[in-house]
Each structure stands twice: as structure tokens, then as C-alpha cells.
Amino acid sequence: MKQIFDMYGQLNQDVEGHGIGLYLAKKIVNAAGGNIVVASEPGIGTTFSIYIKMEAEKITPTPFLN
Numbered sequence: 001m002k003q004i005f006d007m008y009g010q011l012n013q014d015v016e017g018h019g020i021g022l023y024l025a026k027k028i029v030n031a032a033g034g035n036i037v038v039a040s041e042p043g044i045g046t047t048f049s050i051y052i053k054m055e056a057e058k059i060t061p062t063p064f065l066n
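Residue numbers (my numbering): 1 to 66.
Calculated directly from the structure, the hints in this document are not laboratory data.
Take these hints with a grain of salt, some might be off.
[Unchecked claim] In the SDA-like style, the derived pairs of lysine to any residue whose C-alpha atoms are separated by at most 20 Å in a straight line are: (1) 53 with 30; (2) 27 with 39; (3) 26 with 52; (4) 2 with 26; (5) 26 with 49; (6) 53 with 7; (7) 2 with 37; (8) 53 with 35; (9) 26 with 38; (10) 2 with 54; (11) 27 with 4; (12) 2 with 42; (13) 2 with 53; (14) 53 with 25; (15) 26 with 44; (16) 26 with 1; (17) 2 with 46; (18) 27 with 49; (19) 26 with 37; (20) 27 with 38; (21) 26 with 50; (22) 27 with 6; (23) 2 with 48; (24) 53 with 40; (25) 53 with 28; (26) 53 with 42; (27) 2 with 41; (28) 26 with 36; (29) 53 with 20; (30) 2 with 30; (31) 53 with 36; (32) 2 with 36; (33) 26 with 53; (34) 53 with 38.
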């Protein structure tokens with residue numbers, strides 16, 4: 001679990017891939033001001049929670065053009 005978000009940290013010899021999926025996901029979410037949290041229990045499952053900061057913004061309606 002300590003290396004799950006490290007580049008190549010989650011590589012497994014039996015799994016094909018490059019080992020950068022979770023690393024890139026975390027970088028993208030962090031760049032957006034968010035965070036990814038993981039909870040895992042052997043034999044039960046794994047939950048990834050993604051938190052992204054949202055800001056209320058005022059939307060100005062625009063008239064339809066005919």
C-alpha cells in the first residue's frame with residue numbers, strides 16, 4: 001500500500017502494463033487541487049475515493065442568436 005501511487009510501484013510480474021496508471025491518476029487529481037484516498041482489506045476489496053474541490057461560479061445567461 002505504501003507504494004501504490006509510486007511510478008512502477010504497483011507493477012506485478014503477472015500483470016501486463018507499464019505501472020503508471022495510478023501514479024498518473026494521482027498526479028492529475030492533485031494538479032486539480034484534489035486528492036485520492038485508498039482503503040483496502042484483503043479478501044474484502046479496495047475502495048478509491050477521489051476528492052476534487054469545486055467552486056460555485058456565477059453563470060451569466062447569454063441570449064439565443066436567431
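For each hint, the structure was consulted:
1. 53 with 30: Holds - the C-alpha atoms of residue 30 and residue 53 are around 10 Å apart, at most 20 Å.
2. 27 with 39: holds (19 Å)
3. 26 with 52: Given pair residue 26, residue 52 holds - Cα atoms ~11 Å apart, limit 20 Å.
4. 2 with 26: OK: residue 2 and residue 26 at ~14 Å, within 20 Å.
5. 26 with 49: Cα-Cα ~11 Å, so holds.
6. 53 with 7: violated (25 Å)
7. 2 with 37: Holds: residue 2 and residue 37 sit about 12 Å apart, inside 20 Å.
8. 53 with 35: At roughly 9 Å apart (the allowed maximum being 20 Å), residue 35 and residue 53 satisfy the hint.
9. 26 with 38: holds (11 Å)
10. 2 with 54: Given pair residue 2, residue 54 is violated - Cα atoms ~28 Å apart, limit 20 Å.
11. 27 with 4: holds (13 Å)
12. 2 with 42: Given that 20 Å is the threshold and the Cα spacing comes to 15 Å, the pair holds.
13. 2 with 53: Judged against 20 Å, a Cα distance of about 25 Å means the pair is violated.
14. 53 with 25: Roughly 16 Å separates the two Cα atoms, so the pair holds.
15. 26 with 44: violated (23 Å)
16. 26 with 1: Holds: residue 26 and residue 1 sit about 14 Å apart, inside 20 Å.
17. 2 with 46: Since the Cα atoms of residue 2 and residue 46 sit roughly 14 Å apart, the hinted pair holds (cutoff 20 Å).
18. 27 with 49: The hint holds at about 15 Å.
19. 26 with 37: Distance ~9 Å between residue 26 and residue 37 Cα, so the pair holds.
20. 27 with 38: holds (15 Å)
21. 26 with 50: holds (9 Å)
22. 27 with 6: Answer holds: residue 27 to residue 6 is near 10 Å, not above 20 Å.
23. 2 with 48: Answer holds: residue 2 to residue 48 is near 15 Å, not above 20 Å.
24. 53 with 40: violated (24 Å)
25. 53 with 28: Distance of about 13 Å is within 20 Å: holds.
26. 53 with 42: Given pair residue 53, residue 42 is violated - Cα atoms ~30 Å apart, limit 20 Å.
27. 2 with 41: Holds, at roughly 14 Å.
28. 26 with 36: Since the Cα atoms of residue 26 and residue 36 sit roughly 6 Å apart, the hinted pair holds (cutoff 20 Å).
29. 53 with 20: violated (24 Å)
30. 2 with 30: holds (18 Å)
31. 53 with 36: Holds: residue 53 and residue 36 sit about 12 Å apart, inside 20 Å.
32. 2 with 36: holds (14 Å)
33. 26 with 53: holds (14 Å)
34. 53 with 38: Cα-Cα ~18 Å, so holds.
Violation of the numbered hints given earlier is confined to hints 6, 10, 13, 15, 24, 26 and 29; the remaining hints are satisfied by the structure.
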